Every structure is written in C-alpha cells, then in structure tokens.
Amino acid sequence: MAEPIRPTELPIRLIDEKGAAVRGKRATGFELPDASVLLSLYRRMVVARRFEAQVTALTRQGRLATYPSALGQEACEVSAASALETTDWLFPTYRDTIALLTRGVPASEILSYFRGDWHMSFDPNEHKTAPQITPLATQALHAVGFATAAKLKGESTVALTLMGDGATSEGDAHEAFNFASVWQAPIVFVIQNNGYAISVPIAKQTHARVLSDRAIGYGMPGYYVDGNDAAAMYTVISQAIERARKGGGPTMIEGLTYRMESHTNSDDPTRYRTAAETEEWHGHDPIDRLDKYLTKTGALTEAITADIHAEAEALAQATRDAMNVEPVLDPLELFDHVYANRRPALIEQREFLARELAATIPSTGGSAS
Amino acid sequence: MAEPIRPTELPIRLIDEKGAAVRGKRATGFELPDASVLLSLYRRMVVARRFEAQVTALTRQGRLATYPSALGQEACEVSAASALETTDWLFPTYRDTIALLTRGVPASEILSYFRGDWHMSFDPNEHKTAPQITPLATQALHAVGFATAAKLKGESTVALTLMGDGATSEGDAHEAFNFASVWQAPIVFVIQNNGYAISVPIAKQTHARVLSDRAIGYGMPGYYVDGNDAAAMYTVISQAIERARKGGGPTMIEGLTYRMESHTNSDDPTRYRTAAETEEWHGHDPIDRLDKYLTKTGALTEAITADIHAEAEALAQATRDAMNVEPVLDPLELFDHVYANRRPALIEQREFLARELAATIPSTGGSAS
Amino acid sequence: MTMTEHRQAAATTRTPYTMAAALTAALRDAMTEDRTVVIFGEDVGPLGGVFRVTDGLSKEFGESRIWDSPLAESGIVGTAIGMAMNGLRPVVEMQFDAFSYPAFEQITSHVAKMRNRTKGRVQLPLVIRIPYAGGIGGVEHHSDSSEAYWTHTPGLTVVSPSNPADAYSMLREAIASDDPVIFLEPKSRYWLRDELALPIATAPMTRAQVLREGTDVTLLAYGPTVKTAMQSAELASVEGLDIEVIDLRSLSPFDDETVSASVRKTSRAAIIHEASQFGGYGAEVAARVTERNFFYLAAPILRITGFDIPFPSPKLEEYNLPTAERVLAALDSWEW
Amino acid sequence: MTMTEHRQAAATTRTPYTMAAALTAALRDAMTEDRTVVIFGEDVGPLGGVFRVTDGLSKEFGESRIWDSPLAESGIVGTAIGMAMNGLRPVVEMQFDAFSYPAFEQITSHVAKMRNRTKGRVQLPLVIRIPYAGGIGGVEHHSDSSEAYWTHTPGLTVVSPSNPADAYSMLREAIASDDPVIFLEPKSRYWLRDELALPIATAPMTRAQVLREGTDVTLLAYGPTVKTAMQSAELASVEGLDIEVIDLRSLSPFDDETVSASVRKTSRAAIIHEASQFGGYGAEVAARVTERNFFYLAAPILRITGFDIPFPSPKLEEYNLPTAERVLAALDSWEW
Ligand SMILES: Cc1ncc(C[n+]2csc(CCOP(=O)(O)OP(=O)(O)O)c2C)c(N)n1
Ligand SMILES: Cc1ncc(C[n+]2csc(CCOP(=O)(O)OP(=O)(O)O)c2C)c(N)n1
Ligand SMILES: [Mg+2]
Ligand SMILES: [Mg+2]
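Protein chains in written order, with my numbering: chain G, 1 to 369; chain E, 1 to 369; chain Z, 1 to 336; chain H, 1 to 336.
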C-alpha cells in the first residue's frame, strides 16, 4: 500500500483574511481558481447569506418549524456544491440547505421540509441530490453505496457527502470511510468542522491532531483545509472529485470553519460558548476575504456587486412570498407512499381518516390535546 | 496535540524465526524480557497448544457445540494475558480461550460455554475477566467504560481487550477507539490480525497500510508487532499497560499472526485459502522460535521441558475427564437470572415448565421436532 | 382524587414543578445521595440537554459526575455497560427515540442479557433516558415511539411516567434498581405542571395506577396518552359513560393484577398509544388481557393508536396522534 | 395435498431440493435474469455463506455481481440503500438475527422510510436475508427471532418461507419487489427436502396458505414452526381433533382475509412462534384476529411461544422451543 497523502500541519489556504493570495507552504500543490470561478463562488455565498438571514427571520416569525443555519460556513457549502458536475450526486445533511440552493434546488422546495409540510419536498432524481438526512453519518453510507453502484455500472458519476465534526464520532462514519476505501468508491467526504456538535466542542469529540488524520487509517488521501477559504475548499474538492472520477478512489477533506448562528433556532449558544469566541471568528469571514480579494484584483465591479445584491434580494423576496402562503396539505397522502401498493390495512386506515375529516368536528391534534 | 507515535514500517520483532534475538531497527526502543518471563510465556504457550489439540479432538467427538481455535495465535493470547496484573481486567472474545486459561480461569468453566451448558460459566469478578463476547467489537466499548470508571474512582486498574482484524470494521470498534482517546481511558486494544474474518481476507477488510495506522486518527500511540513473537508482543503490551496505568491513556497494538485452524469446527478453509499459505505460516510458528531461543540460551533444560509437558498432559487429561461427564443442568434456572427479582409472568412460565418436566412425556426439542 | 394526589396531600409545602423540573430534581437528589451515579451523553453537560432535563447539574456536580460524551449512541450505551460492571450507576440520555437505534445492538445483546449470561454475577444498574414520542412538532426522527422494540426484549424493564410526581419517584426508583431500565419521558408532557413537595414516593415503578375509577370501560394509557385518556373520560362522562382510567406506568413488566381486576369489573377495555398499531405495545396488552379475561369481556379490546405509517411531519402529526375524540368514536363502535 | 403440492404436481420432472438449495437456485435465477441484482455481505463470496446459501454463485457470476464486504452490518445495509438508489437490486445477508442489530438504525430510519420520505420518488428494491431463529444448537446470539422488531416498523415487508418451494418462489418475488423485504430463512429448516421442478411460482408472497384443512381449531404458524404445527395436527387427529393449519408466510402484511375466514369457521385459534411471547408477533395476531372476529370466538386465542427469557444455550434450547406436545397441551387448556 502506497503511503497515503497526510493532512498538512496547518490548514491549506489560498486566500487569507486580508484578501491576499497565499504563497508557499500552505498553498503548495494548489492553484488559485480563475476569477470567473471565484466570482461565482462569491456570488453564491452572498446570495446564500442573504437567503439565510431571510429564513432565520421567517423562523423567528414561526413560519418554519426549525432551521439549522450555516451562517459562516458558506465557503464549505458553496464550494462543495459548485465543484460537482450536474451529473454527480450530493448527499447532504439538515445543515446543508445552502449547498442544495447552490445545486439549484428551489428554495421553496427545500424549505417545505423545515416548515414541516413533509419529510422533504424536492425530487432527488431531478436534482441528483439526496434528501437532507438527520440521523448523523448514516447518509455517508448511502453515498458510498451510490458511488459503488456507479462504478459497477461503469458510469463516471461521483458522489459527495457532507458531514459535521460531531457526526464523525458515529460508527457509520467509520464504516463509510472503510467501505469507500476498500471498494475504492468514487466519493468525496467533506467534513465541515464547525467546532461544535450542538453544544459539544470538538475537543470532547476527538483526541486526534485534526479529524482528517483519520484518512491515514483508511489508506485514503486526507486534506486539512481552511473551511472559510472558498478558493482553497473549491480547489481541493475539485481535485478530489477528479481523482475519484479517474478511478483514484475516495478522499477525506476537513474544512475548518465555524457556526456563527445557534445550532437551530431553539438552541442557546450562550450556555456553551463565549461571545468573544464568536466575535473572533467574524475576523475569518469567508465572504469578506473573497470580497477584498476580488475587489483588489478588480474582478468585482460595482455593477456586478449591484447585480449580486439584486439576485439576493429577489431570492429573499421570493422566499418570503413562498413561505407566507400556508401550504395546502392532504392528510390522506400519509397512507400513499408507505409501500409501492397500498395494503388492505392501510386502505382501511385511510378510509377511517377520510371519514373523520368529512365529519363536522375536526380532529384536534394530540399536540394540542 | 503532540504527534502520535506511528506504527513502524515492519512489525516490531525481538526474536526471529531462527530463535535469534533481533537487534537494530525492528527492535528499537524495546528490551528482551528476562529469561524467566520468556520461559513462562513459553510454558503457557506449550500448555495452551496441547490444551487446544485436546479440545479440538473433543469437539470432533461432538462433546462441544462449537470451538474457535487459536492455534498459531498463542503468542498474542498468552502475552496479552500474562502482561496484565491480576487486578487488571481482560475483555476477551470467543477466540480467546487461551488468554482466559493463561489468566487462570479453569478449563472446565471456560469450556462449559462451548459445550452449550450456559452462555458462560466462570465468575467474571473472581477472575477479573469479562465473558467471551461474540457480537464483534461490542466488548471493546465495555472495556473502555470499565477503564473509565476505574479512572473516575481513582483506581489503578487497566483494561485490555482483544479483537480480531474483521472486528475492526464494525462501528463499535471506531467508537471504542474514539471514546478511549477522548476520555484518555486506561485501556490497551490488542488487535489479533490473523489474516481472516472467517473466509474474508484482510485485503477485503481494510485499504490501510496496516490496521494499527488507525491509531493516528485517534491521537493514540499505535504499534505494529510480529504477533508470533511472544517476546515482542509481551514487551509492547507491557509498556502500553504501564503507560495506561500512569495516566498515559489508550494504546492500539496490532499483532500480525495467522489462524492455523479453521474458523470453528464447522468451517471449511479450503474454500478460501490455500494449503501452501497455511504451510508457509508454519515457518513462523510462535512456539518454535521461542523454543529455539531458550534452548540456545540454555534457559530451557530437559527437566523444564519434561515438566512443561507433564503440566500440559495433566491439563489435557483433566479437560478430557471434565468434558466427558455430562453436565447436570436445571432447565428451571432459565427463569432465574433474567431480572434481579423474578416477575409474576416469569414465575407462571417457570411453573409451567416445572409441570411439564414433572409430567411423564418428556418435552422433545424443537430441534428434533 | 388520584392515589398520587392522595400521597401528595400527605406532604407539606408544595411548589410547582414541570415534569422536566421533577426529572432534574430526581437526578440531582440521586447524585447527591449516591456518589456512584454518573450522567453522560450528548449535550447533557453545560447545555443541560436539548430539553434541559440535566439543567444546572454540570455546574453543581462537575465533570467527574456529569459530562458530554462523543456523539455516538452505541458508544454511550456500550461504555455505560462497562461502567456499570465496574460499580457505577450510569444514567445516559438518548436525545430522541430514533437516535437510540444506533445503540440497539448494545441494548438488546448486552444491556438486556448480561445478568442472564453471567447467572446474576454481573448486573447492570443503568438507566437509559429517552425523550419519548411525539406531539411537539418535531421534524422526521424526532417523534418516534420505540417502546415496542424494548418491551419485546427480555431483560429490560421499561417504564414511562405521565406526571411530575411519578417522573420524580419513578426515575429515583429506576436509578436505584439493580436492573437496567429504559426510561421513556413523554416529550409533549415535559411542561406539564403539578404542585409537589419533593422528595416524593408514589406507587412502585412496576405497578399500574387507577387514576380515575369507573364502571363501564377500562381505558389503558401510558406516558403521553394518559392525559388523552383522562380527557376522554371527562368527555364521556357528559354522555353518561363512566370510564375507569389506568395509567400503566410500567410497560415491562405489565401489571396484570391491576388491569385484570379492572377489566373484570367493567368487561370492556381499550388501550391508547401513539406508536403505530401493527405489532405495537397495544397488541400485547390486548392479547394478554384477553387471554386472562376472555369470559369477562363483553366486547373485543380496542386499540386507539397511531396509524401504520412512519411518523408524520409537523404539520400532519395531529392527524396521526390519538385524540379524545378518536377514543370516544372507538368506544361508540362497540355494540352496547 | 397442500396447494403448494398441487402446483408442483402440475410441473414436470422433479429433483430433490433442500430449502437452502432452493434459495440458492432462486438467487442464481434472479441474477441470471436481472443484471441489476447484486449480492454482498459477510462470507457470501467464495465460502458461499455460513449456511452455503450463496454456494457457487461467486464462481458463476464473479466479483462484480457477488462479493464479500467488510465486516459491518450497518455498512452493508447502508451501502445497499445507496446502491438501490442508483438502480441496483441488492440482496444482502445478515449472518444471524442478532447480527442485524448493528444495522437497526439503517433499517428502521432509512430502509423503511425512504419511499415515504420522498413521496415514492426514491424506492429501495432491496432484500435483507436473515438466517432466522433457533433449533440448531447455536451458542448465544445465534438463535434469536427478530421478526417483532421488523413487523412493527411501517415500510418494511416481512416474510418467512416454511418449505423449499416457497423458499424459491418467495425469494424470487422479494427480489422482484420494488419495496424492501426482510426475508427470514428458518435455519432449522434449511435442510428440509422436497421434490421440486424449478422454476416454481407458489402463492403470492403476501398471502397466507391453508396447508391442512380442519374444522375444530385454526393453528397459525410461520417459518420454523409450520412443521411443528403440522405435527401437532397429526397428533391431534389421533385424539379426534380436526386442526386447520395456516402457514402465514407473510408476517407484514398480515393476511386478515385468509385467517379470519378460517377462524370464523373453527371459532378457535392459536399461534405458534419461537420468539419470546411478550410483545412478540403472536400478540399482534391474537389482537387483530380477536378484534375482527370477537363474536365468532368460542375461546381466547392462544400463544404457544418461547418463554420471556433470552434465548437459551444449546443444551437448554429444547425447553424453550414450542413443540407439538406443548401445542396440544395448550389446546387442552381450553374449555371445550
Ligand atoms: C444518530 C443521531 N444522534 C443524535 C442526533 C441529534 N443531533 C442532531 S444535530 C446534532 C449535532 C451534530 O453535530 P455536527 O455533526 O458537528 O454537525 P453540525 O450540527 O455542527 O453541522 C445532534 C447530536 C442525530 N440527529 N442523529
Ligand atoms: C456483529 C457481528 N457480526 C457478525 C458476526 C459473525 N461472526 C463471528 S466471527 C466472525 C469473523 C470475525 O473475524 P475477526 O474479527 O477477524 O476474528 P477472528 O474470528 O479471525 O478471530 C463473524 C463474521 C458476529 N459474531 N458479530
Ligand atoms: Mg459541528
Ligand atoms: Mg481474523
């Protein structure tokens, strides 16, 4: 077995906080993407951030049941989704709404889930994007199986799955890394190390130098990357996708980032982290540094900026409008997708509910009961 | 985080196949144990091998329901058990009968399980040895919890758990390694890499250079050792136990060995491995090399050899005798240990069986039915 | 007046406790009285758990008694087993029913079997707390009812409190038990309030309680559906139907004595639970109560439960959860 | 003559097949007809599985169709889900019931829920084969009966064949199904022989079969206990008791139509299974059959099952397994 590529001592970085291109050690082996790519990453991040601000507001107004924000993690989310071909597949978690948005899934279809309409609403096959999975690390195995099937069928599809730092502690994360390496599946694992699993800091999650050191134990290339540097994330992920496509097997990429918002709207971060810590991370903002870089290089003109903001505002407006309409849901659909063909017992139960709904006294929810 | 100790390129070895002490690279950092230790390891291995030959014979005669032999793995089994203090705890698997024997658990009490009397028969607390666990890797978590409790209580107990190469693929193995390192539990993980998980070769189990490379991903010292060299296994395990006792946390040790026998009596190795491969491993026999070394150094006299064989024969004889007596079992005990206090429903069921047993027509087993 | 209330009446000064607060008090008192009681799991430390049941305990008892573990349920239960083998009494939390599934092997193959395996030489005094069932508008995986999986597994004791007094008393008893206990905390009732004087000892954890006496029907419920059962009884009384409500409290063991006595009196019974019906806990209740009391029954035992579907999304869960209206409609289906 | 035998009579040249061999033939034929069918798991390759059900298939179809996976059940089921999402029809093996428990989360939270989650846009045509139940003198963890865990989980189809013909026909149907199927193979019946002419199509996988017509009692069984039920019927006939034996075949869905029709005829029923009784599958059978046929029943439905204890060691399992003697003793307990 050839000695696997080990994660670097310091996270790989191509553009620093001051918006300057990084030369030397931390950038070795990687080229800055062209301005057009950086500009599109920037656009997607700005639009995404505006979108999230809108969604967070809607959640506060009670329009959504819950929402896990990725504020501050835009570089990881947008890079991962942008590096994939439209023919590739994304296997996301509840955290990764922005990645889906970048992938082209309509905001209203994504948010329908968080509003509580159904467990998901978009068509996975249409968008080549799996449902946003909640049971931690379980989707990583689906991604490995999906990628392996592509390989068996001789297709060039690559799968990319996102997971958090906390999720790496689950047995399924290990099984996914191991199956992927043994089967040399065309898959990329992107770990968003945002410092916390709800309230639990990374120090209580692992004793490793960095999470990506795990890659060595699977004979898999591992990369430790500045997760707030979209240029670095995009470049490292793109390389990994190409390697996978060429039959080079899986790659583990750790993006070091930070969750600026609370875990979900119902969380209270003051119980487990200091304002100072969060403040410190404002200095590493992923959009800010790209803004500086693109402005310096002249790629980001006032016209483009205006256009981006227009796109962002339009999306925010459309999202507001979509979420302010109460969806019309049919409770009887609860029985329609459990099996390919409805069973006699489910038909009986469906008829029971239909009769109940037809009756004058509406069923009052157990939640209210 | 300090850079963890990485497993060496070649397995650590202190005595080679010719019975010569190994100097230089492969032995760096380790001293040969004194003759008295080596002699006792040798004695235990010889006795164990004779014991296993006897047990295998008894199994063929149908005296035992099943028996997973550790023939060829004596160095790992005996070293692990010998390196532990009597106050420490061993967490073994179905494979590790020899380790229990070395630990002083009476043969008849160990074999009672394989004969099918009950799920286990010895007293774990008396022998500070957990039951031989079958669900793979699950016992590793018990060991981590046990060690952590000792640490919390300020006791100096160390836990050692044995697991196979196949078991390392289970999610529980990962969770055990991770919990142990995060909690810096006083525990030693000894992985017996005997090349196969029943019929599945190690190449289909992992893509890593060596299994012990996993240690790096947990910030844990990892050692890759010649599992057929009792001197090396004993020395590396002893160091790890001492480090754990001094608060140095967990260690992962991989012993490279080979299962000379079939997986269990009901297995057919000809379906998945060649006679040539097995033959080749005869050349790496753990007892043979220590025999040569101790004879050369004069530590192993004819008198001692005779004494060892007498002990071995006596144990074989005692084992034969014990296993040839049909045990007297009380079916009603089936209801006595499910809960601390029998429940009304279980009392009813116990009385039902008691009446059935009292009746003339004996209940004929479903197996026979 | 229920028996629980009777007991409370005996006590002196009362203060209001939500079920969550009563559980916190039980954990605090147990940790104070017994140094071998330790708590760990996901977010149980400084955060106090996602439902705040361990609120304040980490400040009070420190890292050596209560701490946040890595995020892995099998690891949490597996290490709890080892700690219990080494003289501790771990109380671990699975954040939601569905997140106990990764620990399924450790629970069924070890927690439930260790005592039997070792002929009682190794016992596992541990408690697995699970914020249980639905009714809080949770997204997928946050509203499962897992009791049928545990109650079918010999070696486990499974209980669920329906009110703050029982929450305190039963959790104390579960922690004190030398057998492992699956402790199901009805999420939708965490904020239910009662005036309590703690410590309080209600009926034994393993016994059912008659919460309301009646002559016409025996209505069986546990955890979140007890409130639904009481509402049903009130509604029914208007229609002149006198319902006896029994809070099972203990799912395993099942209190045959209390339930059979009631059913022989009323000759009719129904069981309410949120879990889907097929193979649900209500099946065992209906089967065993019928076996034991067949010739006293005037009608089949009814099951008012969730449908045989995956638990619905927040906006649709109300159609799946049993309601008082559904209970009455079910009782009307009997020929009287 | 059973209906299965009727069908076989129609067929031409017959050769003897054990149930294991019939399953192998089903897998071979399915792989030959449909290139999307793949098999993987522990030891299913060159070894042919610990029960040799995949014997010879790896030679015949090669590594790209059937292979040995790393040793991790959650990984096996989790990757099978991904393969099914990508157009394959994976057939995976859990070596024994108890070793499916590590995959419990993947099975309950994903295999069972993916179709419903995606409103049918993503379906999972996969089969999870489990060498099932006891009766072969296996040591701890090798004789569990896990059906109650699966049948309570909406979204799963659970079946168990009792004879070689059904083993072939039902496995073919399970593999062809667009829904995930838990396929329980009764270990103790792997070596049961029948003369078959393959391919054979017996009754639909989801329907129960009347194996023996009778007028006095309806005896329900599935998988390993069907043989026990037939033996009971023979023994009983000597005593002049005419037993109707129904092989349920499908545990989920349950064939209410066939069973109710029989029970309304006989007015008495009993269910036999190896699993422990409390919350076992027999509870659902007793509960639903009673609900639907209460006024036709002359006596409570009986459950002849394993005791409420962890499955015993090899030398003691015979005392736990239901036997024909126990079945007759149970029927005698009824007032006739
Ligand atoms: C198996 C499982 N256990 C517990 C949970 C509850 N839970 C939801 S998110 C979360 C924290 C996850 O942290 P991380 O993986 O770092 O992702 P992040 O939320 O930080 O993006 C937990 C414990 C879950 N969803 N699944
Ligand atoms: C969770 C689980 N899955 C499957 C099995 C069945 N099984 C018993 S031993 C074995 C192979 C184990 O191989 P390894 O870990 O290398 O140990 P060895 O037998 O070689 O000592 C398997 C698959 C099991 N006991 N537990
Ligand atoms: Mg995180
Ligand atoms: Mg092995």
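Hints listed in this document are in silico derivations from the structure and should not be mistaken for laboratory results. Keep in mind that the hints are not guaranteed to be accurate.
Claimed, not checked - With a cut-off of at most 25 Å between alpha-carbon atoms, the simulated BS3-like pairs for lysine-lysine come out as follows:
id: 1; chain 1: E; residue 1: 204; chain 2: H; residue 2: 59
id: 2; chain 1: E; residue 1: 296; chain 2: G; residue 2: 246
id: 3; chain 1: G; residue 1: 204; chain 2: E; residue 2: 246
Claimed, not checked - Computed footprint of chain Z on chain H, listed as stretches where at least three residues anywhere in the stretch have a Cβ under 8 Å from a Cβ of chain Z:
id: 4; stretch: 219 to 229
id: 5; stretch: 265 to 279
For clarity, every value in this text was computed on a predicted model and none was experimentally measured. C-beta atoms are modelled at their ideal positions from N, C-alpha and C, and glycine is treated no differently.
Hints, verified against the model:
As the CA atoms of residue 204 of chain E and residue 59 of chain H are separated by approximately 17 Å, the hinted pair is consistent with the 25 Å bound. Of the pairs offered as hints, the one joining residue 296 of chain E and residue 246 of chain G is violated, with about 56 Å between alpha carbons and a cut-off of 25 Å exceeded. Distance hint between residue 204 of chain G and residue 246 of chain E is fulfilled; the C-alpha atoms sit about 21 Å from each other, no more than 25 Å. Beta-carbon proximity to chain Z at under 8 Å applies to 0 residues in the stretch 219 to 229 of chain H; the threshold of 3 is not reached and the given coverage is violated.
A count of 4 residues in the stretch 265 to 279 of chain H with a Cβ less than 8 Å from any Cβ of chain Z is obtained; the coverage claim is therefore met, three being the minimum.
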